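So the sequence lines, in the order shown, correspond to chains A and B.
Numbering-wise (my numbering), the first sequence opens with residue 1 and increments by one.
Numbering-wise (my numbering), the second sequence opens with residue 153 and increments by one.
Keep in mind that the hints are not guaranteed to be accurate.
Example chain A residues on the side facing chain B (calculated, C-beta under 8 Å, incomplete) [said to hold, decoys possible]:
hint, residue
1, 9
2, 37
3, 90
4, 133
5, 137
6, 138
Cβ-Cβ distance ranges computed for the label pairs, FRET-style [stated by the list, open to error]:
hint, chain 1, residue 1, chain 2, residue 2, range
7, A, 78, B, 534, 53 to 63 Å
8, B, 341, A, 127, 38 to 48 Å
9, A, 10, B, 576, 50 to 60 Å
10, B, 209, A, 112, 13 to 23 Å
11, B, 900, A, 113, 42 to 52 Å
12, B, 710, A, 112, 47 to 57 Å
13, A, 113, B, 897, 19 to 29 Å
14, A, 149, B, 710, 41 to 51 Å
15, A, 149, B, 452, 42 to 52 Å
16, B, 618, A, 151, 36 to 46 Å
17, A, 149, B, 578, 31 to 41 Å
18, B, 618, A, 10, 53 to 63 Å
19, B, 237, A, 11, 49 to 59 Å
Under 7 Å between C-beta atoms, here's a sample of chain A residues computed to sit facing chain B [stated by the list, open to error]:
hint, residue
20, 60
21, 97
22, 141
No wet-lab data here; the hints were simulated from the structure.
All values reported here derive from a predicted model rather than from experimental measurement.
For glycine and all other residues, C-beta sits at the position ideal for the given N, C-alpha and C.
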Amino acid sequence: MTLVLEVNGERHALEVEPTRRLLAVLREDLALTGAKLGCGEGACGACAVLLDGIPVVSCLLPVGAVAGRAVTTIEGLGERAAAVQEAFVAEDALQCGFCTPGQVVSATALLEVTENPTRDEIHAAMSGNLCRCGTYPKIERAILRVAGRAVA
Amino acid sequence: MSQRLVKTQREMEGRFEDVWALVDDEDELETWPEGTELAVVGRPATRQDGPVRASGVARYTVDVALPGMLVARVLRAPTARCRARLDLEAARSVTGVRAVLGPEGPFTMTGDPVLTAEPAWAGQPIAAVAADTPEAAAAGLAALAPEYEAVPPLALEAGLEEQRFTEEPNEKLRGDPDAALADAEARVELTCETPAHVQTPLEPHAAVAAWEGDALTVWVSTQGIFDARKELAKRFGLETEQVRVLAEFIGGGFGGKQGAGPEALLAAELARATGRPVRLVLTRHEDQVVGGRRAWTRQTVTLGARRDGTLTAVELAAVVDMGAAGMVFPVAEPAFSLYACPNVRTMTFPVRTSLRAQNAFRAPGVVEGVTVLEQAMDELAVALDLDPLELRRMNHVDRDQATDMPYSSKRLLACYDRAAELAGWSTRDELRTARADGLLRGMGCATQIWWGGGGPPAHANVRIDASGRALVTTGIQDIGTGTLTTARIVAAEELGLPLERVAVRGGDTGPNVYAPVSGGSMTTPAVMPAVRSAAGKARKTLLGLAADVLEISADDLTIANGRIKSKDGALDVEVTEVTEKLGNATIDGSGTRGPNPEGFRVNTFGCQIAQVAVDTGTGVVTVERVVAVHDVGRIVNPLTAASQVEGGVIQGVGYALAEELLVDPTTGIPVNGHLDDYKMPTIVDVPEIVVDFVDLPDENLPNLGSKGLGEPPIVPTAAAIANAFAHATGRRTDALPLTPARVLEALA
Chain A
1 MTLVLEVNGE RHALEVEPTR RLLAVLREDL ALTGAKLGCG EGACGACAVL
51 LDGIPVVSCL LPVGAVAGRA VTTIEGLGER AAAVQEAFVA EDALQCGFCT
101 PGQVVSATAL LEVTENPTRD EIHAAMSGNL CRCGTYPKIE RAILRVAGRA
151 VA
Chain B
153 MSQRLVKTQR EMEGRFEDVW ALVDDEDELE TWPEGTELAV VGRPATRQDG
203 PVRASGVARY TVDVALPGML VARVLRAPTA RCRARLDLEA ARSVTGVRAV
253 LGPEGPFTMT GDPVLTAEPA WAGQPIAAVA ADTPEAAAAG LAALAPEYEA
303 VPPLALEAGL EEQRFTEEPN EKLRGDPDAA LADAEARVEL TCETPAHVQT
353 PLEPHAAVAA WEGDALTVWV STQGIFDARK ELAKRFGLET EQVRVLAEFI
403 GGGFGGKQGA GPEALLAAEL ARATGRPVRL VLTRHEDQVV GGRRAWTRQT
453 VTLGARRDGT LTAVELAAVV DMGAAGMVFP VAEPAFSLYA CPNVRTMTFP
503 VRTSLRAQNA FRAPGVVEGV TVLEQAMDEL AVALDLDPLE LRRMNHVDRD
553 QATDMPYSSK RLLACYDRAA ELAGWSTRDE LRTARADGLL RGMGCATQIW
603 WGGGGPPAHA NVRIDASGRA LVTTGIQDIG TGTLTTARIV AAEELGLPLE
653 RVAVRGGDTG PNVYAPVSGG SMTTPAVMPA VRSAAGKARK TLLGLAADVL
703 EISADDLTIA NGRIKSKDGA LDVEVTEVTE KLGNATIDGS GTRGPNPEGF
753 RVNTFGCQIA QVAVDTGTGV VTVERVVAVH DVGRIVNPLT AASQVEGGVI
803 QGVGYALAEE LLVDPTTGIP VNGHLDDYKM PTIVDVPEIV VDFVDLPDEN
853 LPNLGSKGLG EPPIVPTAAA IANAFAHATG RRTDALPLTP ARVLEALA
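Isolated chain A (complex conformation) (with noise of 0.2 Å):
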């Protein structure tokens, strides 16, 4: 059936079962591969976008059921991103880069809705981001860097 996917603010009328997970549809039909399929069972978080604004792992949503809801991906995200990404890189807060795109996402919406997070705050919002290399405490750096509240 067709569904119309709107997909970093650009509508896309597509041929897909609607029972495919939003991630396969994002990364196969439509080429967007940064979000990342790193468990496809919801619990690494590789995989978040936005919807409607909140984070969500797209490897389990059925693509109908996102159908007249803004999906924004990491390469969606532009300039809403960019402090994100900029202490990201500056705190060394990525290694091998593969859940990355996913924590950046996490990490742009938490300070999108919460300024200036406390630590609290920060576990809570990238609780659901698994990375094996260990980046986690140069992940809070980098939101608290973001936030204007960099450590020395």
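Add chain B to chain A, keeping to what the hints say.
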């Protein structure tokens, strides 16, 4: 030319082999001595590829999409041992399925079978299909309609009784430990199990293969592109130059992504069969079950000592759950080498069981060995009423006792002192004062040993063009450690160019510039000297050309920060004043890695101190703080070096507290092969981590004085945590990880 072929030794994770290496006498640059003021080396630098990683632009193997590409899936053994019958023809007739490989093939590749009808472990590949879509591939797998005849799995304890080993048990002996133990004034014995620990790179194992005539191009998520090239060429009967392996971005490896792997072999075979590119990506569950793991062990350590704490005997008996096969990693090395002791016996029993062969995971063997030995050392300290750090200092050794060779450098005592200072070790008993939160607190330490000296062969090329920029080409792969940026720093330092005028390219066998596997903590010590040598030659040529252009002797010129200056200060021009005259010509330098000095053992050392809080009501252990001080020679990039340490510590926290692959004994099936039940640390579980380095060059190592840092930081973490737990509670668990259930049982 002053190139020679020399016979030398190559070390990888404690295994030594003789190799021929091409060396160049012109490459023998002196190691910058301690205290040298360097412009770029030793200063924090962000990653050259940081922005592409942070923006989602970086293309990993799983992101590679080629026109006409097919999707492959693998049928895997549902239980540990079984015999499978398949309907291959039914699968071939499914719409959208383009090729089906069964246990008998049809294969064009030679060598050990990649598919089998009689799997020995759960997850072993039985058949593979390539299809137009994932859905068609899944339908193809279903049409195989496999029927299985189950065979009971091989159990570990029975295997030990039956002496069912993957290879002969190994015994190493020094002195007379039996007599020394009989005469010991103090004696402790400790038995502890260490868990099966899954690497879990977030990018699963994956490969994309494409043929063009007899030329094969493979993208593979691997730690060793040159190993992959060699394996693919051999299997498919090709010359090495007919195979190109690419791995520009790799989503983690941690030891578990070696060579081509079955993924690249199957993708290449299916691509050949269909005449179309094929992509094979493991699912998360597949990766957890078949990607590999650090082996489960059960170790008993017996220590004998004099009343003053001097060790007189060390004995280790280690049972290792090997799974189907695999290399036996050096679990006994810490017992044999870590402390001065004249009488040592280590025994390693590699039991064959019905699991996938265990494989390398960050400091394989040594993590397991240190985790148990260092707990026994703390028990000895308790028995003798000695400070645990003092006991370790007292038994310090400055030579490798197996070979009686001195270490090329060892600043472990400085690590102890610095870690103690940063952790507040001298007042650690005050942690045990009751606090309002009701938690029990304690502090524990552990020592790190690993290799990490690198060695030949390794090569690099540096090319300077008319724009005055340099391109470094090497065969290294950056699995997340930041090695490309390390190479950039070293080249910039030697060239006298600012960082932004140097770029590094790796992850491609196309240029045929060899670098070793990203493993064994060898990339920095093996490859960076070659990078510096290549840059040194380019710099020399550039100065010679500058002499022509500026009409002044090259000996009177230097380059710094992108400017060529005369030593008397009269002349100061941009390098482009010279390079722009190159037109389309380039300045090229190639560098090789010379041998390590003879007569030394090259090892890395360190000390970690952990502080934990134990909730005696719930059994939850929280790691509050870890101080990590390591001696790995000169630090090239303090920013990424600290990241390596934090990452190693965090993986060690997971190993100590929660990570444990569990296997159903009746079927041999790993039961927690998903990320919601195999519990890795999240941002919430991370302690405060304090990182420091001795940061002095090892002046016996060629040209940089740096050792590797990938492995060292994970080595002592779990032992330090277990020792902190014992300090807090006075108890130990007989197995790790310290799950609430085990903690409550130990406290009961």
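These are the hints, each one checked on the structure:
1. 9: At 16 Å from the nearest chain B Cβ, residue 9 (chain A) fails the 8 Å test, so the hint is violated.
2. 37: 7 Å, holds
3. 90: With Cβ-Cβ at 6 Å, under 8 Å, it holds.
4. 133: 5 Å, holds
5. 137: 5 Å, holds
6. 138: This interface hint holds because 6 Å falls under the 8 Å limit.
7. A:78 / B:534: 53 to 63 Å: 59 Å, holds
8. B:341 / A:127: 38 to 48 Å: Check passed, 41 Å falls within 38 to 48 Å.
9. A:10 / B:576: 50 to 60 Å: 56 Å, holds
10. B:209 / A:112: 13 to 23 Å: Since the Cβ atoms of residue 209 (chain B) and residue 112 (chain A) sit about 22 Å apart, the hinted range of 13 to 23 Å holds.
11. B:900 / A:113: 42 to 52 Å: Holds - the Cβ-Cβ distance for residue 900 (chain B) and residue 113 (chain A), about 45 Å, lies within 42 to 52 Å.
12. B:710 / A:112: 47 to 57 Å: 50 Å, holds
13. A:113 / B:897: 19 to 29 Å: 43 Å, violated
14. A:149 / B:710: 41 to 51 Å: 42 Å, holds
15. A:149 / B:452: 42 to 52 Å: 50 Å, holds
16. B:618 / A:151: 36 to 46 Å: 43 Å, holds
17. A:149 / B:578: 31 to 41 Å: Hint holds: Cβ distance 32 Å, inside 31 to 41 Å.
18. B:618 / A:10: 53 to 63 Å: With Cβ atoms ~41 Å apart, the hint is violated.
19. B:237 / A:11: 49 to 59 Å: 50 Å, holds
20. 60: It is violated, given that the least Cβ distance between residue 60 (chain A) and chain B is near 12 Å, above 7 Å.
21. 97: Constraint on residue 97 (chain A) satisfied, holds at 3 Å.
22. 141: 11 Å, violated
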